[in-house]
Amino acid sequence: MPKVLTAPAMSRCIGCYSCMLACARLNYGSYSPRHAALQIRTQGGLQGRLVADICRACREPACAEACPTGALSPRRGGGVTLRTEECIGCQACVRACPLGVIYWPKNGRTPIVCRHCGVCVRYCPHGCLAMEEVPDAE
Amino acid sequence: MLNESYIRVLDVDLGTGRVRALRRPDLQPYLGGVGLATALLAEYVRPDLDPLAPEQPIVIAIGPLSTIYPAVTKAIAMFRSPLNGELGESHAGGRLALAMRYAGYDALVLHGRAPRPVYLYVDSDQVLLKRADTLWGMDAEEAGRVLRDLEPGRGHRSIMRIGPAGERLVRYALVNCETYRHFGRLGLGAVFGSKLLKGIYISGDCDIPIPNVKEYNRVYTEIYRRIVSTDAMQKYHDLGTPANVLALHELGALPTRNLQSGRFEGAAEISGEAFAEHDLMRKVACSGCPIGCIHIALLRQQFGDEHEYSWTGISYDHELLYSLGSLLGIASRRGILRLLDRVAQKGLDAIATGVTLAWATEAAARGLIDTRELGTDLSFGDVEGYLNAIEAIVEGKSELARQLALGVTAAARRYGGEDFALALGGNPVAGYHTGYANVLGQLVGARHSHVDNGGYSIDQKPRELTDEEIVDAVIAEEQERNALNSLAICMFARKIYDRPTALAALKAIGIPWTEQDWVDLGRRIYREKVALKESFGFSYRDLRVPARFFETPSMRGRLDPQRFARLLELFNERLDAIRAA
Chain A
1 MPKVLTAPAM SRCIGCYSCM LACARLNYGS YSPRHAALQI RTQGGLQGRL VADICRACRE
61 PACAEACPTG ALSPRRGGGV TLRTEECIGC QACVRACPLG VIYWPKNGRT PIVCRHCGVC
121 VRYCPHGCLA MEEVPDAE
Chain B
1001 MLNESYIRVL DVDLGTGRVR ALRRPDLQPY LGGVGLATAL LAEYVRPDLD PLAPEQPIVI
1061 AIGPLSTIYP AVTKAIAMFR SPLNGELGES HAGGRLALAM RYAGYDALVL HGRAPRPVYL
1121 YVDSDQVLLK RADTLWGMDA EEAGRVLRDL EPGRGHRSIM RIGPAGERLV RYALVNCETY
1181 RHFGRLGLGA VFGSKLLKGI YISGDCDIPI PNVKEYNRVY TEIYRRIVST DAMQKYHDLG
1241 TPANVLALHE LGALPTRNLQ SGRFEGAAEI SGEAFAEHDL MRKVACSGCP IGCIHIALLR
1301 QQFGDEHEYS WTGISYDHEL LYSLGSLLGI ASRRGILRLL DRVAQKGLDA IATGVTLAWA
1361 TEAAARGLID TRELGTDLSF GDVEGYLNAI EAIVEGKSEL ARQLALGVTA AARRYGGEDF
1421 ALALGGNPVA GYHTGYANVL GQLVGARHSH VDNGGYSIDQ KPRELTDEEI VDAVIAEEQE
1481 RNALNSLAIC MFARKIYDRP TALAALKAIG IPWTEQDWVD LGRRIYREKV ALKESFGFSY
1541 RDLRVPARFF ETPSMRGRLD PQRFARLLEL FNERLDAIRA A
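One line per chain: the protein sequences are A and B, in this order. Mapping to our numbering: the first sequence position 52 is 52, numbers consecutive. All you need for our numbering is the position in the second sequence, starting with 1, plus 1000.
Hints listed in this document are in silico derivations from the structure and should not be mistaken for laboratory results. Treat the numbers as computed from the prediction; the structure is a model and nothing was measured. Backbone N, C-alpha and C define an ideal beta-carbon position, used for all residues, glycine too. The reader is advised that the hints may include incorrect statements.
As the list claims (entries may be wrong) - With the C-beta cut set under 10 Å, the calculated list includes, among others, these residues of chain B facing chain A:
| id | residue |
| --- | --- |
| 1 | Gly1155 |
| 2 | Asp1207 |
| 3 | Arg1226 |
| 4 | Ile1227 |
Model the full assembly from the supplied sequences, consistent with the hints where possible.
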């Protein structure tokens, strides 16, 4: 069965950012945690909660519907697959995502979208993130 | 700068508003962190002027590994200290190193005095001085909240700010960084205040490509695994440094009631174990560190009938439980948390506050001062009195309050009682009475801090050391830490970043340093700090140790002043050789 990224235990998060650093490093060749497909942030500073902005793996992704070239297409199990060579850089996907979790890097030519690959999960020291098996699309 | 052969410095003149972004290849041999900050301080500081003169610089630097390897999370501030008049150096975690890295700066240098209250805004495209008239007077928590709301930002953000103590130039005021981390020691908050600088907001979102992902990932992952999968860091993420409280009490090394004793009968009540069991609410981490050592306790206070409660999360560490706990004879966890909350809001260094209040308590009992000038009584164990005294010191409404705001050394010089004023080199001491290396280390350390050279740890070696071994260990450890602090790693991870690991981490990002380069850097910084201190009038030949350190038995028994004088003489011989080299 396909798998998708979930964040079931964010109450355990310490805000170490190891997940973002892993995604940036291994998927985007960047040191910068801003260049990651998930973002951990505080709500109301460190006195508040830590939350994860992640792709929720929509079954009918609005970003793919908005993509004029088909560079983004629905992925088995939810979410999207990006073919960068077909992307024209219009940023329609960024505007279409209802949760605002598609990131357009500064001076970038293509979006940063979650691949549901699970490297972030492997670098989480507290089990906040998980890969969940989901059935194929009906 | 990563992937570049220069250091990028942001130079801001707060007086004129002139901003310069400088490329400095000449600073590259310092790596970053402490080395870089030492070089910049030497370049900008004015030894002929008062520490709070407008011309004096504030330097904040990060290092080449900052936040791209686990637990490399510190930013290093250097300045001329308004507390002791000499080398000011303080390190803070939080998100500052991350924000500076991705705003694109290795170091900030701020100088001049703003014509009106301001805060500095920095991101990867802009540097702005913004009005802070309305923020002036706010406590540190409120100022942080307002700045967070004013500047939504799109990058990872760091918010530094001072509280009323910094504005009023209390000489041991601190700079709060992300609520739970601080530039605590030696009065950086007063330097901010003297420049009418309420805070600094930094947001970073630029991309920095990795030249060799495979090799970098290999070294990163090995370090990450050692931190999270071995027991090397267990102490720090389990009970945290408060594990020391009970352990030091049992060794007779926990300074209690102004170091009238090394044991505290309330140690179990205020121990790391008790806090973890009853008050620990959560743990958080600095950005880029998987340890999560920041322990936050819940302070729940009833403010009305019908079960009306307020709550606050308060971070605690060994040094805080010592300085606002055992040192003041306070055996109540709630009492300590209330004091921590008060110093956090006012923006005061907890260690210096505790040491100053402990001295005042004893000085009052001996009739040297009259605490009615503070509008309160002071006695060991009385939390309310200390809460009132903190308020009075920051308000500065009486002569005694204003003297106490200058620090314990200045107050004791004025009123007497220097023999029990617990400062070494003008810096209030940390929470250990372990033996000779601890006292010597803080006395001759560049910033008179227990973490300059870890003397407290040298004392805890299994066997008794000779004079030569103590002196050589204090010097060697400080030189090694100078190199490590140029990477700006967190000292908690110092055992992870041994020399081979540090050099491998540098190599994997394209900085091929040798072990000899590393050793030379540590020594060079040591010499340059000594020269800076001497330019500020510090003399290694003219050092006093308050009698209390010799009267109260340490973990190693009573310390002998004559043996200590021999240690100091030997240290000076070694220092002469270092200068001549």
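Right, here's what the structure says about each hint:
For glycine 1155 (chain B), the suggested interface contact is upheld, since its CB lies about 6 Å from the closest CB of chain A, less than 10 Å. Annotation: interface hint on aspartate 1207 (chain B) holds; nearest CB of chain A at approximately 5 Å, less than 10 Å. Because the smallest distance between the Cβ of arginine 1226 (chain B) and any Cβ of chain A comes to about 12 Å, over 10 Å, the interface hint for this residue is violated. For the restraint placing isoleucine 1227 (chain B) at the interface with chain A, the shortest Cβ-Cβ distance is roughly 8 Å, inside the 10 Å limit, so the hint holds.
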